[in-house]
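Read top to bottom, the protein sequences are chains A and B.
Going by the numbering used here, 94 is the number at position 94 of the first sequence; the sequence numbering is gapless.
Count along the second sequence starting at 1, add 197, and that's the number in the numbering used here.
The reader is advised that the hints may include incorrect statements.
[Unchecked claim] Pairs of lysine to any residue, SDA-like flavour, derived with a Cα cap of 25 angstroms:
(1) A:Lys108 with B:Phe325
(2) B:Lys378 with A:Leu38
(3) B:Lys265 with A:Ile4
(4) B:Lys268 with B:Thr248
(5) B:Lys203 with A:Ile165
(6) B:Lys261 with A:Phe155
Keep in mind that the hints were calculated from the coordinates and are not lab data.
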Amino acid sequence: MTSIILAIVIGAAFGAVLDRIGATDPNWIGKMLALKHLHLMKTILLAIGTGSVLMFAGQMAGIVDVGHMSVKAAYVGVFIGGLLLGAGWAASGYCPGTGVCAAASGRKDALFFIAGGLLGAAAYMATYPMWKASGLLNDIAGGKVTLGTVPGSKFDGIWAMQGDILGIVLGLGFIAVAFVLPERLSGEGRMADMPAE
Amino acid sequence: MPLNWKTGGVLLGLVFFLAVLLVKPIGVSTQFVILDGIVADVVNSEFITKTEEGYTSTNAYMAKSGGKYAKSAANPLNYSFVFVLAMMLGAFLSARTRGGIGASERQSPAIWRANFGDAPMKRYAVAFLGGFVVLYGARLAGGCTSGHMMSGMMQTALSGYIFAAGAFAAAVPVAMMMYKKEA
Numbered sequence: 001m002t003s004i005i006l007a008i009v010i011g012a013a014f015g016a017v018l019d020r021i022g023a024t025d026p027n028w029i030g031k032m033l034a035l036k037h038l039h040l041m042k043t044i045l046l047a048i049g050t051g052s053v054l055m056f057a058g059q060m061a062g063i064v065d066v067g068h069m070s071v072k073a074a075y076v077g078v079f080i081g082g083l084l085l086g087a088g089w090a091a092s093g094y095c096p097g098t099g100v101c102a103a104a105s106g107r108k109d110a111l112f113f114i115a116g117g118l119l120g121a122a123a124y125m126a127t128y129p130m131w132k133a134s135g136l137l138n139d140i141a142g143g144k145v146t147l148g149t150v151p152g153s154k155f156d157g158i159w160a161m162q163g164d165i166l167g168i169v170l171g172l173g174f175i176a177v178a179f180v181l182p183e184r185l186s187g188e189g190r191m192a193d194m195p196a197e
Numbered sequence: 198m199p200l201n202w203k204t205g206g207v208l209l210g211l212v213f214f215l216a217v218l219l220v221k222p223i224g225v226s227t228q229f230v231i232l233d234g235i236v237a238d239v240v241n242s243e244f245i246t247k248t249e250e251g252y253t254s255t256n257a258y259m260a261k262s263g264g265k266y267a268k269s270a271a272n273p274l275n276y277s278f279v280f281v282l283a284m285m286l287g288a289f290l291s292a293r294t295r296g297g298i299g300a301s302e303r304q305s306p307a308i309w310r311a312n313f314g315d316a317p318m319k320r321y322a323v324a325f326l327g328g329f330v331v332l333y334g335a336r337l338a339g340g341c342t343s344g345h346m347m348s349g350m351m352q353t354a355l356s357g358y359i360f361a362a363g364a365f366a367a368a369v370p371v372a373m374m375m376y377k378k379e380a
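Excised from the complex, chain A in its bound form:
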């Protein structure tokens, strides 16, 4: 029961934040991916950096259970799948999480995205044996690995260096890039959509 309450609280917070940062709005996704307006990119980079620094610092302080880490396997299909997801994300303006949130916020086109998504997931379920047989799902570079070796983690590191410290350094790097990146790279430069700061 506790886990269901946590799912409701964290899930609702995630959905609300995705709505408020513009991630569920295809206009902001389109402008970001066409490299015109990077406001949302800065938000995402800052979020990854903030999450990373807090998680690894929390591990070092003994507050965060290292066992909660969940690292996905690396294989060639990750890249191919990433290409497919990227193309569909750019065309539709939605990814799985933002699509369901956009539908909930009242966007009708997002309902079509979800319907297509359910069919796409079913198509993968049907074609999974083919991918499995192709060898493209076989682990590369050790499979479930992190860049550094995180103390106490069940996942191996590619490099021997201490993974939690590397995580904090990379997290700070993401934060730095978020600050350095300009809001606008190209485009019409309409002042109306510039955030007031």
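For chain A, the structure is supplied; the task is to place chain B on it using the hints.
Just chain B now, kept in the frame of chain A:
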């Protein structure tokens, strides 16, 4: 107008941190498979079956890794599935409290109308096809923007970086070709 990136970025980072502090890293795209599994099992009760060790399915993907997807589909009241339903609730309440989304925007976003006109059917078709490709790709990759890109890179997972490289390598040229006008 969305939140300032500094506020929004810290809030989003805190949500990802809270998830890994209290439970596990956030992920979404698996739940499309789970919902498919729930539906398939309603249509054909043989789709998911209970075994001595747990659950299995006539579908090899549902049955993989000791039937963990089959188990989730047989018991939808689990953390990850409820999490996605709660995301919808959170987004709904958030959108409502900021005044909702306008009628024309609900049908298709301004950036779409600026580039492709007002007819909604074309937009719906692209959203549907986009959804198909996104979820097919996400399941092939083993995760999506949430699980691979955000949670993965935050944990310094190699797979997260590979995924992000693929996603942006395709997304940027497609967006540049399709959305020349901003809105």
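Between Lys268 (chain B) and Thr248 (chain B), does the CA-CA distance stay at or below 25 angstroms?
-> Distance of about 10 angstroms is within 25 angstroms: holds.
Below or equal to 25 angstroms on CA atoms is what counts here, so check Lys203 (chain B) against Ile165 (chain A).
-> Judged against 25 angstroms, a Cα distance of about 24 angstroms means the pair holds.
Does Lys378 (chain B) pair with Leu38 (chain A) here, judged by a C-alpha cut-off of 25 angstroms?
-> 15 angstroms, holds
Assess, step by step, whether the Cα of Lys108 (chain A) is no farther than 25 angstroms from the Cα of Phe325 (chain B), and give holds or violated.
-> 11 angstroms, holds
If you draw a straight line from the CA of Lys261 (chain B) to the CA of Phe155 (chain A), is it 25 angstroms or shorter?
-> Satisfied, since the Cα-Cα distance of roughly 21 angstroms is no more than 25 angstroms.
Verify the proposed pairing of Lys265 (chain B) with Ile4 (chain A), using a straight-line Cα cut of 25 angstroms.
-> 18 angstroms, holds
Of the numbered hints given earlier, the model fails none.
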